[in-house]
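Colleague: The primary structure of each chain is shown beneath.
There are 2 protein chains.
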Amino acid sequence: MKCDFPPPFGIKGTYNLQFTTVEFPAATHRVADIGKELIDKQVVLHGYFGTVRKAGKFLYFSSFHDYYYPNPARPLKVVSYIDTPSPQTTKTAHQTLGSLHQFTPVALRASVYKCAPSKSPEKRKSDDEVELRVKEIFPLNSVSENLIYTPKTVFPLEKRHLQLRTTKALCEALRLRSRTASECRKFLEGNDFLEVETPLLFKSTPEGAREFLVPTRKGNGTCYALPQSPQQYKQILMASGIPRYYQLAKCFRDEDLRADRQPEFTQLDIEMSFATSNDVMDLVEQLIIRIWDNILGVRIGPRFQRAPYWWTMKNYGTDKPDMRYSNHRIKSLHEALPHLAKAGRSIEGFIFYGNTPNYNTDQATELLEEFKRENPSAGGDNYVAYIAGSGKETQAYIEGGMELWHEVDLANIHGALWVHRPGAIVVIKERHGYYSGGNTKLGLLRTALLNKAVEKRLLRGRSDYAFLWVVDFPLFSPTTDDPSQPGRAPFSPTHHPFTAPIAEDIHILRSTPHRVRAEHYDLVINGIELGGGSRRIHEAALQKYILEKVLKMPQEKLQQFDHLLEVLDSGCPPHAGIALGFDRLIAVMMGRDSIRDVIAFPKNTKGADVMVGSPSVVLDKELQTYGLRRS
Amino acid sequence: MKCDFPPPFGIKGTYNLQFTTVEFPAATHRVADIGKELIDKQVVLHGYFGTVRKAGKFLYFSSFHDYYYPNPARPLKVVSYIDTPSPQTTKTAHQTLGSLHQFTPVALRASVYKCAPSKSPEKRKSDDEVELRVKEIFPLNSVSENLIYTPKTVFPLEKRHLQLRTTKALCEALRLRSRTASECRKFLEGNDFLEVETPLLFKSTPEGAREFLVPTRKGNGTCYALPQSPQQYKQILMASGIPRYYQLAKCFRDEDLRADRQPEFTQLDIEMSFATSNDVMDLVEQLIIRIWDNILGVRIGPRFQRAPYWWTMKNYGTDKPDMRYSNHRIKSLHEALPHLAKAGRSIEGFIFYGNTPNYNTDQATELLEEFKRENPSAGGDNYVAYIAGSGKETQAYIEGGMELWHEVDLANIHGALWVHRPGAIVVIKERHGYYSGGNTKLGLLRTALLNKAVEKRLLRGRSDYAFLWVVDFPLFSPTTDDPSQPGRAPFSPTHHPFTAPIAEDIHILRSTPHRVRAEHYDLVINGIELGGGSRRIHEAALQKYILEKVLKMPQEKLQQFDHLLEVLDSGCPPHAGIALGFDRLIAVMMGRDSIRDVIAFPKNTKGADVMVGSPSVVLDKELQTYGLRRS
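Here the protein sequences come in this chain order: E and S. Last residue of the first sequence: 630 (numbering that gives the first Met the number 0), numbering continuous. Last residue of the second sequence: 630 (numbering that gives the first Met the number 0), numbering continuous.
One or more of the hints may lead you astray.
No farther apart than 27 Å at their CA atoms in a straight line, the calculated lysine-lysine pairs in the DSSO-like style are these [stated by the list, open to error]:
id : chain 1 : residue 1 : chain 2 : residue 2
1  : E       : K217      : S       : K620
2  : S       : K217      : E       : K158
3  : E       : K605      : S       : K620
4  : S       : K551      : E       : K185
5  : S       : K620      : E       : K551
6  : E       : K185      : S       : K167
7  : E       : K217      : E       : K556
8  : E       : K217      : S       : K605
9  : S       : K620      : S       : K605
10 : S       : K158      : E       : K556
11 : S       : K217      : E       : K620
12 : S       : K556      : E       : K605
13 : S       : K217      : E       : K217
14 : E       : K76       : E       : K217
15 : E       : K605      : S       : K217
16 : E       : K556      : S       : K556
Pairwise CB distance ranges, derived in the manner of DEER restraints [stated by the list, open to error]:
id : chain 1 : residue 1 : chain 2 : residue 2 : range
17 : E       : S376      : S       : D619      : 53 to 63 Å
18 : E       : T511      : S       : Q623      : 52 to 62 Å
19 : S       : Q623      : E       : P477      : 21 to 31 Å
20 : E       : K556      : S       : E22       : 24 to 34 Å
21 : E       : Q558      : S       : N145      : 52 to 62 Å
22 : S       : Q623      : E       : P307      : 40 to 50 Å
23 : S       : E128      : E       : N190      : 22 to 32 Å
24 : E       : N219      : S       : H338      : 30 to 40 Å
25 : E       : K556      : S       : L156      : 23 to 33 Å
26 : S       : G436      : E       : K40       : 45 to 55 Å
Honestly, the hints are just simulated from the structure, not real lab data. We put the beta carbon where it would ideally sit given N, CA and C, even for glycine.
Here chain E stands alone, though its shape is the one from the complex (with noise of 0.2 Å):
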């Protein structure tokens, strides 16, 4: 049945409209259902078809394909032939066929034949048995005929709707993603944790990164926050009397969005009662293997690999070494250059050697002007960069600050740094205070020497997973002055003030709270930090002396602890857990550097979901409602 309308109006200027309806047959088969067993059957399939070749008014081929998952069959060739005595709607079909805008979604009622045998070589290798030809075609929606695209087409994210239809890989990472998620909830719930959906509208806290608000219409400035985390939920639940809980949590963070970051995100979230750091990471390691088997078909393990923070920031200096690409190793020069550590000084280096046959003198400088280019030395922030041999060394040391040289140091540097051959690429550097952060200047340097010498062939790209636990990682660090910062001493709490330190630091607490260890593991994946947890403080009287004793919260921000205090007070059993960011993971598995493309609707950098035009002014009516205006 066509409605045909007075057509008053129209789409984009046109205005030749008629509604079709939805009465259609219904689909007896899939595309990946079509083989050999339907041979002199009819079907009736729903899809699309491919570009229409027309070899002469009276024969048609093309193709026909679904979207249907988890597997989307290869394209069913299609044939359209009419001759006098073929029925009218045949013809019609014909008809409609040679006239279809190519990306029409309609119900195709076909026969299903043997292919004729090719007469070219070449194509009668390929391995389609049967084909369908064309009885009845009802479309079903107009297209534009605007829209027109070839698989070369590239789409903006304005357009993700055509993205998504065309891009293999983007419906393929979410694919992976649903069957991820299913894998992780299989073994959770295997392993007996129970599922909590936790609040969104939740509370403002002085606990990390900035929140979203969302004002309520009580007005007063009254707003929920929503969530960084779970993490007070979930150490509720597990004073609650609940042993094991996860979630797929949904997670916002309000903060300038680097390339790997989103407002929103979701996390794989975990709690254990009576656990130990060991008994999470243990879990953590099952899961990982399991995935990567079971999905990826990759074995890996049977255990991964630890290491302690101040191992990491010395040896590679960064808390997420790629452990892929774990020697050229940073090395101290306090013994080669024992003038400078007498004066208190930290001087740190490493050396590059490329080891792919391109690498040589020629090619070694021009990796190091460029990496100088990118890496511009600044006031304070310079550095040492040279080839060893090049001649260029007392240059370079100039140049970068070091004016202390003579002969016996660039022995004594070379010989620390196991220069053995010229040609290779020498970065030094000072380093100033105690590691603290995720990096030093000097790990950021060789990280992106490393990347550029991968680019540029000179250092082989390793397709493998490193998986490494970084632990004992600093409790406190010095605070910057991100404005959440929760208390008025000169560190703050380096994940959240939840975080146990280790047992034997306690009594360090309050005399050199720098220096307490935390009982707190990062998973890192590949040189990417994956998620990270800890046990937790599960003393009322413990995390009290935090807060107000070391931490030296104020008290009207202590007061907004006071609910978690009093539930640690009613019997809270030791807890410990972890977070996954469940958006890495998925990019790590595609082997992606963004997780944009693992989201089915990502913000764009500036936080705008360009496809629906999010975020957007509201009226100053709408605000009023909450008890807002604009300042």
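Given chain E, work out where chain S should sit, using these hints.
Modeller: Then chain S, alone, in the frame of chain E:
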């Protein structure tokens, strides 16, 4: 290891504190694992002791339990006995047990013994086969001395952790919820549905109920909005070539909270391309049948009853009738009162006669009195209610504002309502206008009377399940003063502006829009609307026509749908879907009236989480970050 601290602080005024550590033995078993086969073995368990009964200085009895899911085990019997040759650790453990706070989490090292045969015959029946003899106790937290409760203690929502710990039904609800989510996912994934996460930071739209706004730091009133449902995104997914989508989606509604509403809730969201309404209803029937079978162990089906909106409104005065109580239908008095019918007035009524042995005229009178007190007549909302044969009929008609009384009418009315014996409660009311909304006034009275009758045991309460699809809703409803009403027309979409009209009604869209039926379906279980869905408009032209010409949406609002129109215009297949209230589903399965009883951390009727104290007043400084201030 204990780590004593100089006590300069404390919890709630107490100052005796020391931090315990978490060096405790790993559990070898769970409580559920302990049985005959472990007799004479040593085990380590994590959990909690019950109350300790002291049978003298050297002999204590207690019990031990943990909270393991999915099957929390019966507590084990515990005996602690010491004499002179007992080792020191056992003596210390005995002492510890004697003074331990009941809710202390502990690691317990114990031996499994065969139960000593009890002397009292009734105790001998107990199926305890083994008991634990205490060897060593590791207390793992201190517990507030103020924490005392018995099995009868009822905690307020502020102490949700203690509610969760002590309320069996609440824990069961959470377990059932987790299992049901699992079952839904398994079923849908088995039917090739892809789980896709859609954004929660969405855009303000004129879709329906009020939205929560999320201001951004861009200022200038730029806000995200939290979604009321993933409706638009799932339609975009259909156009993106994802044939079957599902998600357990978080949704938000900033509206006054009724008993059964929460500002945030979970819905099982489903959408299928190339699908008709029937396809979706069939799928959901299969899903519900499977859940009832696998989780509740109740066989239902194989098909659910279907009824059009007008039929349920006519017969029950509601669009969500409880079909377990499907007699006591509402009947029209059109023919019984021809003089009123001629005057264009619609009078309707129903009778109630109890089905329990309790029911007699006295009981009915009492029921009616109470019912009338709770449902007072007021102004235009008068109604007539009396006991047939009580002699008070005339008075009731006068009080009800229907002063058109004479003997013939009463006989006619009772004839039409099938009043065959005295003692029946008769309720009569005039209806104004055509059917719209969820209930007629008489329908509300009917539901109230039946509920009251069940409560007073005059109507047999039923614990079975009645499933009903209500279909053929009106596409538009008269406009209320809802500020989110999208257009300037005197009516608005009954559900949302994307619902497809029934094909054969399209031609009257412009002439008599209020008569157009929607291809919408609601699933009703036991009088509770569990969710609803529809075939969506998949043609850009029809969608634009409805927004622009039928709803008369102003241009600036129309623009907010540009992206959707473009998506429909790019070859979007026909599609239909549904959203089921997941919280309500669990509440129905648990036989609970309120969804609060099946949510781990619900908000109260004021939208507050009184445990953590959200929402809270935010500092002006923080509002300024978002370019806002209080008005």
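Colleague: Does each hint hold? Answer for all of them.
Modeller: Quick rundown of the hints versus the structure:
1. Between the alpha carbons of E:K217 and S:K620 the distance comes to roughly 19 Å, so the proposed pair stays at or under 27 Å and holds.
2. Under the criterion of a C-alpha separation no larger than 27 Å, the hint pairing S:K217 with E:K158 is consistent with the structure, at around 24 Å.
3. Between E:K605 and S:K620 the CA atoms are separated by roughly 23 Å; this keeps the pair inside 27 Å, and the hint holds.
4. For a cut-off of 27 Å, the pair hint linking S:K551 to E:K185 is broken: about 50 Å separates their Cα positions.
5. Annotation: proposed proximity of S:K620 to E:K551 holds, straight-line Cα distance about 21 Å (limit 27 Å).
6. Taking the CA atoms of E:K185 and S:K167, the gap is about 25 Å. The hint holds against a cut of 27 Å.
7. As the CA atoms of E:K217 and E:K556 are separated by approximately 22 Å, the hinted pair is consistent with the 27 Å bound.
8. Proposed proximity of E:K217 and S:K605 is supported: the alpha carbons are some 10 Å apart, at most 27 Å.
9. Of the supplied pair hints, the one linking S:K620 and S:K605 holds, its CA atoms being roughly 26 Å apart against a limit of 27 Å.
10. The hinted pair formed by S:K158 and E:K556 meets the criterion: a straight-line CA distance of about 21 Å does not exceed 27 Å.
11. Taking the CA atoms of S:K217 and E:K620, the gap is near 19 Å; set against the 27 Å cutoff, the hint holds.
12. This hinted pair checks out: S:K556 and E:K605 have alpha carbons roughly 24 Å apart, not beyond 27 Å.
13. For the suggested pair S:K217 and E:K217, the alpha carbons sit about 24 Å apart, so the restraint of at most 27 Å is met.
14. Taking the CA atoms of E:K76 and E:K217, the gap is about 63 Å. The hint is violated against a cut of 27 Å.
15. A threshold of 27 Å between alpha carbons decides the hint, and for E:K605 with S:K217 the separation of about 10 Å falls inside it, so the pair holds.
16. Among the hinted pairs, E:K556 with S:K556 is inconsistent with the structure: their alpha-carbon atoms are about 43 Å apart, more than 27 Å.
17. Between E:S376 and S:D619 the C-beta distance comes to about 43 Å, which lies outside the given range of 53 to 63 Å.
18. E:T511 and S:Q623 have their C-beta atoms about 38 Å apart, which leaves the hinted 52 to 62 Å range violated.
19. Against the hinted window of 21 to 31 Å, the Cβ-Cβ separation of S:Q623 and E:P477 comes to about 27 Å, which satisfies the hint.
20. In this structure, E:K556 and S:E22 meet the distance hint of 24 to 34 Å, their C-beta atoms being roughly 32 Å apart.
21. Distance hint for E:Q558 and S:N145: a CB-CB separation of about 19 Å, inconsistent with the stated range 52 to 62 Å.
22. A C-beta distance of roughly 42 Å is found between S:Q623 and E:P307, which places it inside the suggested range of 40 to 50 Å.
23. The given range of 22 to 32 Å is respected by S:E128 and E:N190, whose C-beta atoms sit roughly 28 Å from each other.
24. At about 58 Å, the CB distance of E:N219 to S:H338 disagrees with the hint of 30 to 40 Å.
25. Taking the beta carbon of each, E:K556 and S:L156 are about 24 Å apart, inside 23 to 33 Å as hinted.
26. Look at S:G436 against E:K40: about 50 Å separates their beta carbons, and that is inside 45 to 55 Å.
Checked against the numbered hints above, the structure violates hints 4, 14, 16, 17, 18, 21, 24; every other hint is satisfied.
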